[in-house]
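We have chain P; now place chain R onto it with these hints.
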Amino acid sequence: ETGVTQTPRHLVMGMTNKKSLKCEQHLGHNAMYWYKQSAKKPLELMFVYNFKEQTENNSVPSRFSPECPNSSHLFLHLHTLQPEDSALYLCASSQDPFQGSEKLFFGSGTQLSVL
Amino acid sequence: AQKVTQAQTEISVVEKEDVTLDCVYETRDTTYYLFWYKQPPSGELVFLIRRNSFDEQNEISGRYSWNFQKSTSSFNFTITASQVVDSAVYFCALSEAGYSGGGADGLTFGKGTHLIIQP
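Read top to bottom, the protein sequences are chains P and R. Per this note's numbering: the first sequence ends with 115, consecutive numbering throughout. Per this note's numbering: the second sequence ends with 1119, consecutive numbering throughout.
Check the hints yourself; a few may be wrong.
Heads up, simulated PhoX-like pairs for lysine-lysine below, C-alpha to C-alpha not over 20 Å straight-line [to be verified]:
{"hint": "1", "chain 1": "R", "residue 1": "Lys1070", "chain 2": "R", "residue 2": "Lys1003"}
{"hint": "2", "chain 1": "R", "residue 1": "Lys1038", "chain 2": "P", "residue 2": "Lys103"}
{"hint": "3", "chain 1": "P", "residue 1": "Lys40", "chain 2": "R", "residue 2": "Lys1111"}
{"hint": "4", "chain 1": "P", "residue 1": "Lys103", "chain 2": "P", "residue 2": "Lys52"}
{"hint": "5", "chain 1": "P", "residue 1": "Lys52", "chain 2": "P", "residue 2": "Lys22"}
{"hint": "6", "chain 1": "P", "residue 1": "Lys36", "chain 2": "R", "residue 2": "Lys1003"}
{"hint": "7", "chain 1": "P", "residue 1": "Lys103", "chain 2": "R", "residue 2": "Lys1111"}
{"hint": "8", "chain 1": "R", "residue 1": "Lys1038", "chain 2": "P", "residue 2": "Lys41"}
{"hint": "9", "chain 1": "R", "residue 1": "Lys1003", "chain 2": "P", "residue 2": "Lys41"}
{"hint": "10", "chain 1": "R", "residue 1": "Lys1070", "chain 2": "P", "residue 2": "Lys36"}
{"hint": "11", "chain 1": "P", "residue 1": "Lys36", "chain 2": "R", "residue 2": "Lys1038"}
None of these hints come from the bench; they were simulated from the model.
The following block holds chain P by itself, in its conformation from the complex (with noise of 0.2 Å):
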């Protein structure tokens, strides 16, 4: 248990589906991050938020859109999605927004399959 919790576990969509990722961390952390884990592929950092306000967007695709309502909340809003976007989607947190030191904190992730 990281104190960092994610659900679903597991989502099936179609292309034209529209769902959302849930991220909640009991930490009382001030920065939150979502990456996206693929097959034989590093993680790739999506979108941060610090104290709420993103700070960045790694040139995501706009069919994701993020959304931090508070600094214990993390929400990924999925749509019109493509076969390639199947993916492990993690959820990280740190203390303090990253400054090179952070050890970051991660749920489970949400295994993610689009059909």
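Here is chain R on its own, set in the frame of chain P:
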């Protein structure tokens, strides 16, 4: 640009054997941090260790040990007397120090090594 190479895609050993996971990094910075994370089948990455570039002292934590050598830009991880519970994907990562962007894009992960411990 930073780069982390974990050349071993998959390693399989029998329980109780020692195993070393290699990590080679590239950076132009003189101050940086190195990390190891473990990803068990449950999915979450778990922090194992952080090292800054000025501290080359090797570290031991139970059956785990880390060998940091700046001369070869390596930060290798050894598990002694491996156990089935050590089966996981292990990631090495590198970050710049004093990164002011607050965005974590200065944190670079390797592709990971899948370690399989057979009973």
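Structure-based check of all given hints:
1. R:Lys1070 x R:Lys1003: holds, 15 Å
2. R:Lys1038 x P:Lys103: The hint holds at about 13 Å.
3. P:Lys40 x R:Lys1111: holds, 6 Å
4. P:Lys103 x P:Lys52: holds, 19 Å
5. P:Lys52 x P:Lys22: At roughly 15 Å apart (the allowed maximum being 20 Å), P:Lys22 and P:Lys52 satisfy the hint.
6. P:Lys36 x R:Lys1003: The hint holds at about 18 Å.
7. P:Lys103 x R:Lys1111: Judged against 20 Å, a Cα distance of about 19 Å means the pair holds.
8. R:Lys1038 x P:Lys41: Holds, at about 16 Å.
9. R:Lys1003 x P:Lys41: holds, 13 Å
10. R:Lys1070 x P:Lys36: Between R:Lys1070 and P:Lys36 the Cα gap is close to 30 Å, so the pair fails against 20 Å, i.e. violated.
11. P:Lys36 x R:Lys1038: holds, 16 Å
When the structure is compared with the earlier hints, a violation turns up for hint 10 alone.
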